[in-house]
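J.: So the protein lines, in turn, are chains A and B.
Anchor point for the first sequence: position 5 equals 5 in the numbering used here, and the numbering is continuous, going up by one each time.
Start counting at 1 in the second sequence, then tack on 1000, and there's your number in the numbering used here.
Heads up, a few of these hints could be off.
Said to hold, decoys possible - If the Cβ cut is set under 7 Å, some of the chain B residues that face chain A in the computed set are:
id : residue
1  : A1009
2  : N1010
3  : Q1053
4  : P1073
5  : T1075
6  : G1077
No lab work stands behind these hints, which were simulated from the structure alone.
All residues carry an ideal CB built from backbone N, CA and C; glycine is no exception.
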Amino acid sequence: MKSPSFHRSPGVEMKIEICAAPFDPMQALAAHQESLTGLCGRYGATVVFIGTMRDFNEGNSVQSMMLEHYPGMTEQHLQQIVAAAEQRWEVLEVLVMHRVGMLYPNDPIVLVAVWSAHRAAAFEVCRAIVEGLKAQAPFWKKETLDDGAQRWVEKNTAG
Amino acid sequence: MAIHVKYFANLRDRLGRSEDTLPVGEGLTVATVWSRLWPDRPLPPMILTAVNQEYRGLNHPVKDGDEVAFFPPVTGG
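Working from the sequences, and respecting the hints, build out all of it.
T.: Written as structure tokens, this is what we have:
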């Protein structure tokens, strides 16, 4: 789906990726920024959010986590969340990567990176995408605790 | 021709299957798709619903070939 943003420079597309295998957000960030040759000199601010799996949740030790998604709807909603944020603030580029599958503590879950001319838009859009993703994108987590018991995470933490 | 129904996460675990197919009927909505498939099981509270991968309410009409999904609150990120 093409972004309806009016601020985007020609030829630059937001990148949204669902990753079935572990990824390195620092490497992905560096590689993506290097690819932004058309934006050289235009961005003055980059804001990055990385979500990482903890080894605890709601007072229990967590051994692993299965992240499930609704293929198709997830990508479509991430596109919509990014497009909505881009309509409110002037940004140049957005990168969103989100893991699915089996994760272990310290594994990266999500990367949201935003490039803009000035910092205010980058901070606002990064926050809006992270909060929109948590509230709307169809992902679900099933935890395996240290004693082997499994439970679905019922809701995201408030912040 | 039919309605394609999907269940995700703990709802799928509780129902014991991930999808269903329902013959098309007159005046179907998201709510009646559920009640025809699960006549003895009220739709659990908090369940979210989508038609063709967009969030839609229980009264949203459902037509031939639509994909209807039922799932619990999302917990990504």
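J.: Could you run down the list of hints and mark each one as holding or not?
T.: Cross-check of the supplied hints:
Using the Cβ-Cβ criterion of 7 Å, the hint placing A1009(B) at the interface with chain A is satisfied: the shortest such distance is roughly 4 Å. Interface restraint check for N1010(B): the shortest CB-CB distance to chain A comes to about 4 Å, inside 7 Å, so the restraint holds. Interface restraint check: Q1053(B) against chain A, minimum CB-CB distance 4 Å, threshold 7 Å, status holds. Evaluation of the P1073(B) hint against chain A yields a held restraint, the C-beta minimum of about 6 Å falling below 7 Å.
The restraint placing T1075(B) at the interface with chain A holds, with a minimum CB-CB distance near 4 Å, inside the 7 Å limit. Of the supplied interface hints, the one on G1077(B) holds, with its beta-carbon coming within about 4 Å of a beta-carbon of chain A, less than 7 Å.
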